[in-house]
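Enquirer: Here is what each chain is made of, one letter per residue.
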Amino acid sequence: MSVTQLNPKEDKTPALSAQVVAFARPRPQKPLARQFARRGRQMLAAILPPLVTLALMLALWEILCSGPTSSLPSPSRVVSESWELIVHPFHVGQGVDQGMVWHVLASLQRVAIGYAFAVVAGVALGVLVGQSQWAMRGLDPIFQVLRTVPPLAWLPLSLAAFRDGNPSAIFVIFITAIWPIIINTAVGIRNIPQDYQNVAKVLRLNGFEYFGKIMLPAAAPYIFTGLRIGIGLSWLAIVAAEMLIGGVGIGFFIWDAWNSSLISDIIVALIYVGVVGFLLDRLIAFVGRLVTRGTANA
Amino acid sequence: MAQSYLSLEFIDKTFERNGTKSDVLKQISLGVDKGEFISIIGHSGCGKSTVLNIIAGLIEATSGAVFLDGKHVDAPGPERAVVFQNHSLLPWLTVYENVDLAVSKVFRGKRSKAERHDWVMHNLDLVQMAHARDKRPAEISGGMKQRVGIARALSMEPKVLLLDEPFGALDALTRAHLQDAVMEIHARLGNTMIMITHDVDEAVLLSDRIVMMTNGPAAKIGEVLEVPIARPRNRIELASDRTYLRCREAVLKFLYERHRFVEAAE
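Chains A and B, in that order, are what the protein sequence lines are. Following full-length UniProt numbering, the numbering of the first sequence begins with 1 at its first residue and continues without gaps. Following full-length UniProt numbering, the numbering of the second sequence begins with 1 at its first residue and continues without gaps.
Looking at chain A on its own, in the form it has when it is part of the complex:
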């Protein structure tokens, strides 16, 4: 880092640059310290506003719920009542008596499986609908109707089909996440510029080469928009689905806590759900940025 600070190359006159190096030596820490200070200020500017908002909200919550007749616990009561839950996230017990991390991981596993199927099937169907006029005419109206069916409405049907909770929940994730992936992929494929198609034609790229070298990269920004919406919806649906199927999982944990009147535990669980959902969204956005670097803004 100090190299960039000194950077003798940037000085126009060689005599001056030598002087700069000589003077800089006795106190090399200063530029570094200044840089840290600048970084620190930037971090502060990013972190401070949400922290202040959070503190204000907690304070308001504390005031509103601190009365003896309050039906919901205040933040301080949440911490004291659910202390065991908060400090032992990796707790392993009997049955559904597990630490929060294990509940979240169980939910994440269901989401991962259902979402993975949705990505593969959704991109494939999206390519089909985006490529072929006839596939679009045939499938699009059906997709438009099916995608409005609420995720949980599929659950009884999938329970009837699979006769087991776990695959049913995974199916609900699949059917929830697939629509935005299909629709965005199809739009991305349809919007591939004519120029790229002409390049492919002049080069006589075959179907596979066209798919891998032109179609996927050109549609990638659209596809990742679909993937991001899809993961968000999956996480929304899993909590509801798990409330109904039971077993280990964040959704059933919340339901179980409600049945045991452990309102504080529910609040702790909600914080976990929110943070994990946020991280999932950021993860897909990050992968999308890696994959589509250069594509989006050219």
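I should point out that these hints are in silico values taken from the structure, not numbers from a laboratory. Be a bit skeptical, because a hint or two may be false.
As the list claims (entries may be wrong) - As a list, the in silico DSS-like pairs of lysine-lysine whose alpha-carbon atoms are at most 30 angstroms apart:
| no. | chain 1 | residue 1 | chain 2 | residue 2 |
| --- | --- | --- | --- | --- |
| 1 | B | Lys110 | B | Lys253 |
| 2 | B | Lys253 | A | Lys201 |
| 3 | B | Lys135 | A | Lys201 |
| 4 | A | Lys201 | B | Lys34 |
| 5 | A | Lys201 | B | Lys21 |
| 6 | A | Lys201 | B | Lys159 |
| 7 | B | Lys253 | B | Lys71 |
The structure presented is a predicted model; accordingly, all values stated were derived computationally and were not measured.
Got chain A; can you put chain B on it based on the hints?
Expert: Below, chain B alone, put in the same frame as chain A:
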């Protein structure tokens, strides 16, 4: 009849939209010799790009045929490489990868990997873009992108190089640089080139012959002008050259006196 290297024979093109037919091209016939540089000039909307796209095989002619080197062509292929107006580089690939996409496809199985690499670099050198090999299209200027587009087209070793208003989107100075680069490449490699343009000076400077098209609908070849100026040509010397000025005047007269652009025809 004795066929030229590239010959267009009685090309008609009719577009049909919502049941109404519109004639775009009528009876276009043209012979191009090997190594010749041809410009096609005309007002916008006259269908000159359609001619180029038919030669490239990207658009099908309604009737008539294109022959290249004795063979009938009706589909796109790398022996008729196109330099597109807006460069059409793939933005997710680097400069090197964009050219390599073409080289790998055209010469796979014919040349070794090292030979293909050398060929990519050779073509980038030809357009003086080897220094930017690892940059992405978004990181280089418009003129540079067009240079890479030319390198990609040249790397296919085309029998005919088709240039679709290649410098239309560039500023005047950059355009002059690229015109010089194209002249130099034409002198070195002796490619057959067909260029679409609406710039009279560009047409006269670069071409052996200028094909002037009448206004649409049903555009046809109005006149073909020989440009009998020795190569290599120098734009500064030509500025006061008698032949150059005469050719320029002929094209201007064709475009602005006899076939003036009619707005209403659009």
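Enquirer: Would you mind marking each hint as holding or not holding in the structure?
Expert: Tested hints:
For the hint pairing B:Lys110 with B:Lys253, the CA-to-CA distance comes to about 50 angstroms; that exceeds 30 angstroms, so the pair is violated. Distance check on the hinted pair: B:Lys253 and A:Lys201 sit about 38 angstroms apart at the alpha-carbon level, beyond 30 angstroms; violated. A hinted pair counts as satisfied when its Cα atoms are at most 30 angstroms apart, and B:Lys135 with A:Lys201 qualifies at roughly 25 angstroms. In summary, the hint linking A:Lys201 to B:Lys34 is supported, as the alpha carbons are separated by about 24 angstroms, within the 30 angstroms threshold.
Restraint check for A:Lys201 and B:Lys21: satisfied, since their Cα atoms lie roughly 27 angstroms apart, inside the 30 angstroms limit. With a C-alpha separation of about 17 angstroms, the suggested pair A:Lys201 and B:Lys159 falls inside the 30 angstroms cut-off, and the hint holds. Note on B:Lys253 and B:Lys71: the hinted pairing is violated, with a Cα-Cα distance of about 37 angstroms set against a maximum of 30 angstroms.
Hint compliance for this structure: hints 1, 2 and 7 are broken, all remaining hints hold.
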